[in-house]
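2 protein chains.
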Amino acid sequence: MKTKTNPDTFEKVTWKPGTMLFPLPVVMVTSGDMAAEYNIMTVAWTGIVCTEPPMCYISVRPERFSYGFIEKYREFGLNLVGKELAFATDWCGVKSGRDVDKFKEMQLTPFPADKIKAPLIAESPVNLECVVREIKPLGTHHMFLAEIVAVHGSKAHLDLKTGAFNLSHANPVCYSHGKYYQSGALIGKFGFSVEKKKKKKRKITVEK
Amino acid sequence: MKTKTNPDTFEKVTWKPGTMLFPLPVVMVTSGDMAAEYNIMTVAWTGIVCTEPPMCYISVRPERFSYGFIEKYREFGLNLVGKELAFATDWCGVKSGRDVDKFKEMQLTPFPADKIKAPLIAESPVNLECVVREIKPLGTHHMFLAEIVAVHGSKAHLDLKTGAFNLSHANPVCYSHGKYYQSGALIGKFGFSVEKKKKKKRKITVEK
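For the protein sequence lines, the chains are A and B, in the order given. Just so you know, we're using my numbering here: the first sequence kicks off at 566 and counts up by one. Just so you know, we're using my numbering here: the second sequence kicks off at 566 and counts up by one.
Next up, chain A with everything else stripped away, as it sits in the complex:
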């Protein structure tokens, strides 16, 4: 397999060091121990950091309203975003929980988690319950390293035949360089580059 090379590709421009990594996930982080505190914060500085134990991180500016709750209770919900939540996701990233009740304003529905006190968002296709293991100040952002202790998925996105989660149906949103995008066409499954083409089964007719 030859990589298709465009000779123009070799010409590069150099930018000053920056956070030019994409596409990124964009998630709604829920926090607060009691209903009066419940808040939502939008985060794109997030990812998986370990498979076993399953761990993720979020990086957050200490000035953000949610920071105090997560630092204090050491728990948060990570709520994934489908296309129909894009407006609420953007809005929750612009507004502060100091000024507005984001659940109420966006008509989002808090539902109780199994293992943490922070609420989860019912409308999200997938919810992760996270327990903070370490807080790491790095600069403008502090990183919360957390273990994923429970995962929930919406039944609405399950394939009725197989029971598998139907990712395309959930229509996940990604964040690239200041813009929100839908997920597009499937390219292939992990390992597609070494997959042998299945031989056609010959149909054998056995006379009885």
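Since the hints were made in silico from the structure, they are not lab data. Keep in mind the model is a prediction, meaning the values are calculated, not measured. Warning: the hint list may mix true and false statements.
Identical chains share a label here; the pair holds if one copy fits it or two copies do between them.
Claimed, not checked - List of simulated lysine to aspartate or glutamate pairs, DMTMM-like, C-alpha gap at most 20 Å:
{"no.": "1", "residue 1": "Lys701", "residue 2": "Glu712"}
{"no.": "2", "residue 1": "Lys680", "residue 2": "Glu617"}
{"no.": "3", "residue 1": "Lys720", "residue 2": "Glu602"}
{"no.": "4", "residue 1": "Lys581", "residue 2": "Asp679"}
{"no.": "5", "residue 1": "Lys761", "residue 2": "Glu670"}
{"no.": "6", "residue 1": "Lys682", "residue 2": "Asp598"}
{"no.": "7", "residue 1": "Lys648", "residue 2": "Asp724"}
{"no.": "8", "residue 1": "Lys754", "residue 2": "Asp666"}
{"no.": "9", "residue 1": "Lys581", "residue 2": "Asp724"}
{"no.": "10", "residue 1": "Lys648", "residue 2": "Glu760"}
{"no.": "11", "residue 1": "Lys720", "residue 2": "Asp679"}
{"no.": "12", "residue 1": "Lys581", "residue 2": "Glu617"}
{"no.": "13", "residue 1": "Lys660", "residue 2": "Glu649"}
We have chain A already, so just place chain B on it with the hints.
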């Protein structure tokens, strides 16, 4: 703005704790100090952890061939992936540099970085040069926390009029739950939920 709620959404299934976060970026990580060592490793456990200083991470199993180079030299290249690199990206994630020369087999072109000795991949739309600040064992994976010290972009993806990077032209790939996807349609820019619609300018005709 009402969040469109499907009552079915409220029914949830619970899975065992796992790494169910998507969409994720998928990148080719380059390492090695001299040409005989140059290697490529595919990673989806990556993200931005701080805006200033600009920092990213990659989480890597210690068994992987590239791990030794990155641990030893404390530098790596992070090469973003457009659609035409999806095959090479998958292949470099399946094969080991112990057995094959990945640059050669995938006909990828190493080009010298400015501030690190590890090579970068010319065919990638964006290349980040990264210097490791800390290695953090977490379980199956160890996290390399790194500062982004230089960023390069392919001229082929620049808008000729504005000089801005044309993200759609780069056609970035994301990784969700074991599958590679293209980026899809634009939903909006950060802040679109609070943007006021521009008033139409009245055309005023001044009689002379």
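Evaluation of the provided hints:
no., hint, in the structure
1, Lys701 / Glu712, "both (15 Å within a copy, 15 Å between copies)"
2, Lys680 / Glu617, "within (18 Å within a copy, 34 Å between copies)"
3, Lys720 / Glu602, "neither (28 Å within a copy, 48 Å between copies)"
4, Lys581 / Asp679, "between (44 Å within a copy, 12 Å between copies)"
5, Lys761 / Glu670, "between (52 Å within a copy, 18 Å between copies)"
6, Lys682 / Asp598, "within (5 Å within a copy, 48 Å between copies)"
7, Lys648 / Asp724, "within (19 Å within a copy, 27 Å between copies)"
8, Lys754 / Asp666, "neither (41 Å within a copy, 23 Å between copies)"
9, Lys581 / Asp724, "between (46 Å within a copy, 18 Å between copies)"
10, Lys648 / Glu760, "between (32 Å within a copy, 18 Å between copies)"
11, Lys720 / Asp679, "within (17 Å within a copy, 50 Å between copies)"
12, Lys581 / Glu617, "between (36 Å within a copy, 12 Å between copies)"
13, Lys660 / Glu649, "within (19 Å within a copy, 38 Å between copies)"
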